[in-house]
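Once you have looked at the hints, place chains B and C on chain A.
Same order as they appear, the protein sequences are chains A, B and C.
Going by the working numbering, the residue at position 207 of the first sequence is 207; the numbering climbs one at a time, nothing skipped.
Going by the working numbering, the residue at position 205 of the second sequence is 1205; the numbering climbs one at a time, nothing skipped.
Going by the working numbering, the residue at position 169 of the third sequence is 2169; the numbering climbs one at a time, nothing skipped.
In short, the hints are calculated from the structure, not lab data.
It is possible that some hints are incorrect.
[Unchecked claim] Computed list of lysine-lysine pairs in DSS-like fashion (alpha-carbon distance at most 27 Å, straight line):
#, chain 1, residue 1, chain 2, residue 2
1, C, K2115, B, K1185
2, C, K2115, B, K1182
3, B, K1170, A, K96
4, C, K2037, B, K1185
5, C, K2118, B, K1193
6, C, K2228, C, K2350
7, C, K2066, B, K1185
8, C, K2164, B, K1182
9, B, K1278, A, K7
10, A, K7, B, K1193
Listed here are the chains, written in short residue letters.
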Amino acid sequence: MNTRSMKGWLYLIPALVFLGVFVVYPLFDVVVYSFEEGYNSASQTFFGTGTYNFSYVLRDTYFIQALKNTFILVIITVPLSTGIALLISVGLSSIKKLQELYQTIFFLPYVTNTLAVGLVFMILFQKTPYTDGFVNQIIHFFGGSSVDFIDGPYWAKMTVMCIYTVWVVMPFKVLILTSALASVNPDYYKAAKVDGTSSWRIFYKITLPMISPMIFYLIITGFIGAFKAYGDVVAIFGTNLNAAGMNTIVGYVYDMLYGDGGGYPSYASAAALILFAIVLTITCINLLIQRRSVQTS
Amino acid sequence: MSNMTQEQEHRAFVRGQRIRTAVIYTLLTLWAFIVLFPFYWMVLTSIKSYSAYNAEYVPQLYTLAPTMQNYVDAFTAVPLARYFMNTVIFTSVTTALMLVVIVLAAFAFSRLDFAGRGLLFTAFLSLMMIPNELVIITNFVTITNWGLRNTFTGLILPSVTSVFYIYLLKENFDQIPDDLYKAAKVDGCSDFKYLTNVMIPICRPTIVTVVLLKVIECWNSYVWPRLITDNQLYFLVSNGIQEIRENGFGRENVPAMMAAVVVISVPLIVMFLIFRKKIMEGVSRGGTKG
Amino acid sequence: MKIVLEHISKRYPNRDKKVGGLVTAVEDFHLTIPDGKLIALLGPSGCGKSTTLNMICGLEEPTEGKIWFGDTDVTNLSPEVRGVGMVFQSYALYPHLTALQNIMFPLENLKGADKLSKEEMVRRAKEAAELVQISEYLERRPSQMSGGQQQRVAIARALVKMPKVLLLDEPLSNLDARLRLSTREEIRRIQRETGITTVFVTHDQEEAMSISDEIVVMNRAVISQVGKPQHVYDEPENLFVSKFLGTPPINVFEGYVKNEKLFIGTQEVLDVHGAPDGEVWAGVRPEGFIPADDGPLTCHLVAVERMGRDTSVVATHDAYDGVQMRAIVSSDARIDVASDIVRFRIRPEKCRLFDRETEQRIHFFGETMEEPADVMAREARAAAGARPAAAESEATA
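Here chain A stands alone, though its shape is the one from the complex:
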């Protein structure tokens, strides 16, 4: 190897070491773990290899619950947040006054600590013996009866979860869609106006197709992100998610790894691989749909 080549590799050593130890090696290791049965993290021994870890995880009621929770969360929040984001972005890009102010406000949740603001959401939705909480006051105002969103029925908890998730993911989506809308060449709009096209038709026939790649991008990242939900859930329901019945797949992985029910890296690895397989499948399906819809349009 000549000196010039040596130099290139020399500059890359730090990155290679860090990536090798903390990304590449773990990638293989997690697969190894997932097939080691009865792994004991204290003695670092195991008594066999096989698919037992996977079948254990798939039969674990906590995992089933986590799977169900995650899927519900994904199915509700991804379309909802993308839809609202589209609505807001279109509104945002059609105004001139105060546009920057609104943009700044809408982006704020991105830079806030999810755990910290989750606490505020919990307070807002909580019902305790001392107070019904702010949200329940609004429900009262409209004639409903109060519900404990944090410790109450499943659908109530899921509602808070979804609302908070939408609140958290919105800034990114609004930002991406607003810049996508801004990058549409205004000549298209002018041309359409000259032809006397109605605003709705302009939106449906010009704007939407032009920004559809970005919408697809948001849907895909949205799916991936929502499948990995964890921090937001902890923020609202605390660390003991299994007890709250609100665990997610990622939460299950971490609980298996560490914490009160922890110490099972093999189960954690199996669950993580299952999650990865799900995300990969969904992403591929999304890409297929995108390709087809691009071809037909």
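Coordinates of chains B and C only, in the frame set by chain A:
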């Protein structure tokens, strides 16, 4: 006659426009309210006294007797200052180390010609697809085996590299014209000096963006610190806030909790207001969250 | 500093991996550049002129051959030890530094015994800035300067180390037409004042002809011809050089020589004593046509463009190697615009013959540029023992 209809049509059009504008502003204001209300609520609650807060069966939307007592409690009853300092140390060291690593790597990929460069870069890019959840299990075991639990080293090491930032910076380095490098060679400038005296200053905007994004990421990191620390001395703010929530002020002291939330939220919000344009531009270029 | 390029060649591995093999950028380039001269490397893009410049600079190493600066073999030395200054087509100014900082940059890299004090660096940078007349702009960044000013900063930066050789890579191509004219005068002035051996690369023949002591025409990796600008224009050694120099370009016809007569198409147009029989390319400079009713070359008239002093006649001819030929004739020549035919006589001293196959020059008697009176005068001088003027323009290659 036809003039009349035209004028009427025009009026109808203007009225339609006005209604549309009104609807848009209402919608935007509504969402702005939803975004801002939690912030308002946390500040409001943090300045209500403990007794006043608990006496409100119907939560009040304002307070006439603001108090700073909760902030005092937040810093004295729980080690909030400690969490805060830990996070500052963690964030600055991680970001600094990351900068060194990614600048060197991006420079090698962009400027140095070596055997296997293209292949290695492709391999790097493919690492971007690996979800953190997949590698964190082994990292947890690795750090535990190295005896680095409850240390800053253990917290920092796995957070140092980011393939995405290497990619971002490399793209930026690539935009510097070749002639500049040749000119520097003619001027007797070494490769390393070219990096430090020419490339880094030219690409400063991108580097600042990367730093800002990394600071946000570090400040809000929760999962890894949670796995690797169980000693309060090494808690970061995210874990701290969770700790405060679960075993914090002895009993449910919501105002003090909100004071803590305000304290840990303020630095990032201030940073955001200062670097608003840069952060939003950086995120739209490739941040992900959601 | 005299520069000798001793049979240098440069080969790269082919970028297209499927084709493979080597691509030759420069082949057997042999040239001596005398001390203190300004030399232009002229050629179309991709002819290897920039590669040659980079090899002189030290940015690239020749695959074969040696490069000498004076008595020193610099073939394997890096640029900074060769003592060269270089100006790039894009100027390559550091965008984050002011003009002064840019000019000082090479000085800051000096090490050991050559290291200068800060004051000395500023003094020398200001001296260089004065030479190129940009003293007022020293605190500006490149983005706050015009193209011409940036160009001067780039030249100052190249000169500040007091190089023995100055290299300029297409220095004028990013400037607008008017600025180009004044900047090339400026480069000439600076080169004269400093007496630095200068090599400059360009694809613009007018630029090369106007300021250089000598031009080196390159084509497809090899030297086509070397010589004083006017000589290369008047006496091209091959078809490529004749086509490359001159605006409007030379008009090339397919023709043949038979019994010392030049035929274009079927028309006998010129006596070419001494030229062997065979197929040729006949090149006629635009100024080599004389409209005449009895002219032997009959063309189809397309347009007559009057441009003040000159008149440009656009025509077509079946044997013409292109679409439209162009003749420049004196404005008092009478041309029947209504007619669709125009006839020319051809001035033999403006006509150059090239072998159809090899495209090399074929000489014939009467092709010399000079007026008969000059020829007589020269012959008289030669007889008197004076040195012939033509010998001076002999190529140094």
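Quick rundown of the hints versus the structure:
no. : hint              : verdict
1   : C:K2115 / B:K1185 : holds (18 Å)
2   : C:K2115 / B:K1182 : holds (22 Å)
3   : B:K1170 / A:K96   : violated (36 Å)
4   : C:K2037 / B:K1185 : holds (25 Å)
5   : C:K2118 / B:K1193 : holds (19 Å)
6   : C:K2228 / C:K2350 : holds (18 Å)
7   : C:K2066 / B:K1185 : holds (21 Å)
8   : C:K2164 / B:K1182 : holds (18 Å)
9   : B:K1278 / A:K7    : violated (33 Å)
10  : A:K7 / B:K1193    : holds (14 Å)
Consistency note: the structure conflicts with the earlier hints numbered 3 and 9.
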